[in-house]
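With the hints as your guide, set chain B onto chain A.
So the sequences go chain by chain: A and B. The numbering used here puts the first residue of the first sequence at 1, with every later residue one more than the last. The numbering used here puts the first residue of the second sequence at 1001, with every later residue one more than the last.
Quick caveat, the hints were computed from the structure, so don't treat them as lab data. For clarity, every value in this text was computed on a predicted model and none was experimentally measured. Some hints could be false.
Covered stretches of chain A (chain B as the covering partner; in silico rule of three or more C-beta atoms under 8 Å from a C-beta of chain B) [stated by the list, open to error]:
#, stretch
1, 51-57
2, 66-75
3, 78-88
4, 93-102
5, 122-135
6, 155-163
Each residue gets a CB set at the ideal place from its N, CA and C atoms; glycine is no exception.
Next come the chains, spelled out residue by residue.
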Amino acid sequence: MSVTDELLENAQSYAAAFDKGDLPLPPGKPIAVVACMDARLNPYGLLGLSEGDAHVIRNAGGVITADEIRSLSISQRLLGTQEIMLIHHTDCGMLTFTDDEFRAQVLADTGVKPEWAAEAFADLEQDVRQSIERIKASPFIPRKDSVRGFVYDVQTGALREVKP
Amino acid sequence: MSAIDDFVQNAKRYHSTFTKGNLLSPPAQRVTVVACMDARMDLYRMLGLSEGDAHIIRNAGGVITTDGIRSLSISQRLLRTREIMLIHHTDCGMMTITDEQFRGRLRAETGVEPDWEAGAFTDLEQDVRESIERIKGNPFIPHVDVVRGFIYDVQTGALREIQP
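For reference, chain A alone in the conformation it holds in the complex (with noise of 0.2 Å):
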């Protein structure tokens, strides 16, 4: 059996006592959370979610490109959500390789190039705080008065704000 059909269980059983079928769409808490997509960072557990209550918007590093530019957008303009929470973490995988190494090692292997950056960092807290000014240089997130940086100790389990 694989994972996929052993997670598919789990949804069963999740089905099965479910009782919150009334949600609206727009986020309870008008927030969007932003995060890496790290296994040992779970938003829900450690900042109290429930179903309903808020974006949630995960890539490798938890960093800013297009595309979460693009999700931002969508849940502020169309699902009112005003304020933005970024959270990186220790021991990420992003800190081990440089976008170079990256590029190459995938050339090595595929002979092909990808077009896009790996967005490797070195800095933890710098990264963060690149990543607030990425938000708020974009003309496309009308709301950005409430944009805050964070970072997850894996070892600790603690939450640090990154003062800007």
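What follows is chain B alone, placed relative to chain A:
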């Protein structure tokens, strides 16, 4: 008090009872879930995931963009995941707009046209199938034997597989 302040308080409670400081960076279940950012989907409860189990990639629509390819490539190449699970859902905001409408709205409100498309769709099942094909046709994602697509029903809590 802002939603972020609430979440920071919740994170303090999470930290105070945290016992999972020894988890590894590569996901234990070797699976990556790609899903919409919609607030009503809590993938941890739905799929029975715990911290350390799976990479989670989320954006507006759960669509496969360049950033999705970047994240999946890093997930498989650097962090050894092998299966991909795509999850769209009923009552998705991406079905309420067209790319042309959203582009026109941004142009009217900001004076700037985005260099990305909103990624709207009208047929959920068709978009799931297209997303699977985008993954399978991409040279940067090495493991495409198990790529399966699903639709989550936000009214019933049920997860249904889309046959290719």
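Results of checking the hints against the structure:
1. 51-57: holds (count 7)
2. 66-75: holds (count 9)
3. 78-88: holds (count 4)
4. 93-102: holds (count 5)
5. 122-135: violated (count 0)
6. 155-163: holds (count 6)
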